[in-house]
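**Q** Letter by letter, the chains look like this.
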Amino acid sequence: METDGRVRCPKPKKIHSKRGTPPRADLLLRLHLESNPEALCLVRATVERATEVVHFSEDDSRAVVRSVDEALANVIRHAYKDRRGLPIEVTCRRLWDGRDAERPRGLEIVLVDSGMAVDPKKLKGRPLEEVRPGGLGIHFMKQSMDVVEFRRKKGKNFLRMVKYLAPSKPEEKQEGA
Amino acid sequence: MQISARQSAGGVIFDLTGDIDLAHSPAMRKVLLGEIKEKRTPKVFLNLQNVRYVDSSGIATLVEGLKASRDQGSRMILFGLSRSVREVMELSRLQKIFEIYDTEEQAVST
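These protein sequence lines are chains A and B, in that order. According to the numbering used here, the stretch in the first sequence is residues -15 to 161, in order. According to the numbering used here, the stretch in the second sequence is residues -19 to 90, in order.
Don't take each hint at face value.
Here are the simulated lysine to any residue pairs, SDA-like style, with alpha carbons at most 20 Å apart [claimed, not checked]:
no., chain 1, residue 1, chain 2, residue 2
1, B, Lys17, B, Pro6
2, B, Lys47, A, Gly119
3, B, Lys10, A, Arg61
4, B, Lys19, B, Glu44
5, A, Lys140, A, Arg68
6, B, Lys47, B, Arg73
7, B, Lys10, A, Glu22
8, B, Lys76, A, His123
9, B, Lys10, A, Asp66
10, A, Lys126, B, Ala40
11, A, Lys126, B, Arg73
12, A, Lys126, B, Leu74
Here are a few chain A residues that sit away from chain B, every Cβ distance over 10 Å (derived from the structure) [stated by the list, open to error]:
no., residue
13, Thr30
14, Arg83
15, Val94
One side of the interface only, derived from the structure: several residues of chain B facing chain A at Cβ under 7 Å [said to hold, decoys possible]:
no., residue
16, Asp(-1)
17, Asp1
18, Leu2
19, Ala3
20, Asp35
21, Ser36
22, Ile39
23, Leu71
24, Ser72
Since the hints were made in silico from the structure, they are not lab data. We put the beta carbon where it would ideally sit given N, CA and C, even for glycine.
Excised from the complex, chain B in its bound form:
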């Protein structure tokens, strides 16, 4: 999995590519929590457009990030979810607790 960061209005966008599984979710966790807890970035966007697969450890990392952002009073926003990723969100019944948008344009305009 690859993670790259770019600045956006009021926050940072992480472009994720590949699979978020047991091998790679620790790296994502480190980056995500570093941005939310240490840098205290007010808006953290996760671009999941090029993520093919997310397992339960990836979902757990997203939940951890969401909780950290709520504790900090910041926002974690997801966009570009593939069918596979949406399916896992629905299975875990967590799709309603996340801020999810179809496109980057919609996500950054909120």
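Chain A extracted, bound-state conformation:
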């Protein structure tokens, strides 16, 4: 599989909620991919680095990487029916805590594809009591992320996922004070 070779790390553009207040989000990464399972390992590595920028724990970093990977696999398999060379955009934004300009609040990831509309019933996952192959990807995403939202707009699928940073432990705050 091939990507179009563009891995963009744009200069962070901060989005301000109000003049003079801390930013709400800044763009960390925008990837333009083609539907190709071979590209998934590249995206996993890239998203892992993005989680390091936001200072996620190792466990939460794996959760984010797993969710993005499963979401992309779903786009390739279901929205694009395993056809290769079709466009997928992945955007990662760092979210900021409005009360603390120095503390990231989490990471927002948005996937956009032009494939078939997703059946909302399939987004619910399946009962885990059923021991059978398939249907686990959505479950992994919902278990791993704080927000998983889907919408269809102008012939495109938009999947938005958010993972918030776990609150600092009291002892960590004392050390930093």
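Chain A is already provided as a structure; the job is to place chain B on it using the hints.
**A** For chain B alone, kept in the frame of chain A given last:
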């Protein structure tokens, strides 16, 4: 992902290296089901010590292999799971349906 096979007492050990994801689980499926269904090997061991990542398609392949082995009256045994792989097993709540051992020594002695 790389798959290599070696003989063991009563079966075959597959040493897997790399990531088991959408790109590579079809290859693993072919090897695994070939060993279980066609060769009817009584014990198939999967060494996951060098597997860094497993996605839902990899888990689905393992479930398929397990079901095939039960149909054949054979055994599929996993060992050497990394923290990442154990995590995915726990998320899918499938860790109890597989035979899982920490080490190769423990797995082959069963």
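**Q** Hint Ala3(B) vs chain A: min CB-CB distance below 7 Å?
**A** Constraint on Ala3(B) satisfied, holds at 4 Å.
**Q** With a cut-off of 20 Å on the C-alpha distance, tell me whether Lys76(B) and His123(A) pass.
**A** holds, 18 Å
**Q** Between the alpha carbons of Lys10(B) and Asp66(A), is the straight-line distance 20 Å or under?
**A** holds, 18 Å
**Q** Does the alpha-carbon distance linking Lys140(A) and Arg68(A) stay inside the 20 Å limit?
**A** The hint holds at about 17 Å.
**Q** Given the hint that Lys47(B) pairs with Gly119(A), test it: the Cα-Cα distance must not exceed 20 Å.
**A** holds, 17 Å
**Q** Let's test the interface hint: is any C-beta of chain A closer than 7 Å to that of Asp1(B)?
**A** holds, 5 Å
**Q** With the threshold set at 20 Å, check whether the alpha-carbon distance from Lys126(A) to Ala40(B) stays at or below it.
**A** Since the Cα atoms of Lys126(A) and Ala40(B) sit roughly 18 Å apart, the hinted pair holds (cutoff 20 Å).
**Q** Taking only the CA atoms, is the gap from Lys10(B) to Arg61(A) under or equal to 20 Å?
**A** Cα-Cα ~19 Å, so holds.
**Q** Taking the shortest Cβ-to-Cβ distance between Thr30(A) and chain B, state whether it exceeds 10 Å.
**A** holds, 14 Å
**Q** Are Lys126(A) and Leu74(B) close enough, with their CA atoms no more than 20 Å apart?
**A** The given pair, whose Cα atoms are some 17 Å apart, holds under the 20 Å limit.
**Q** Hold the hint about Asp(-1)(B) up to the distance rule: shortest CB distance to chain A must be less than 7 Å.
**A** With a closest approach of 6 Å, the Asp(-1)(B) hint holds.
**Q** Is Lys10(B) close enough to Glu22(A), meaning Cα to Cα at most 20 Å?
**A** The hint holds at about 18 Å.
Consistency with the previously given hints is maintained throughout, with no hint failing.
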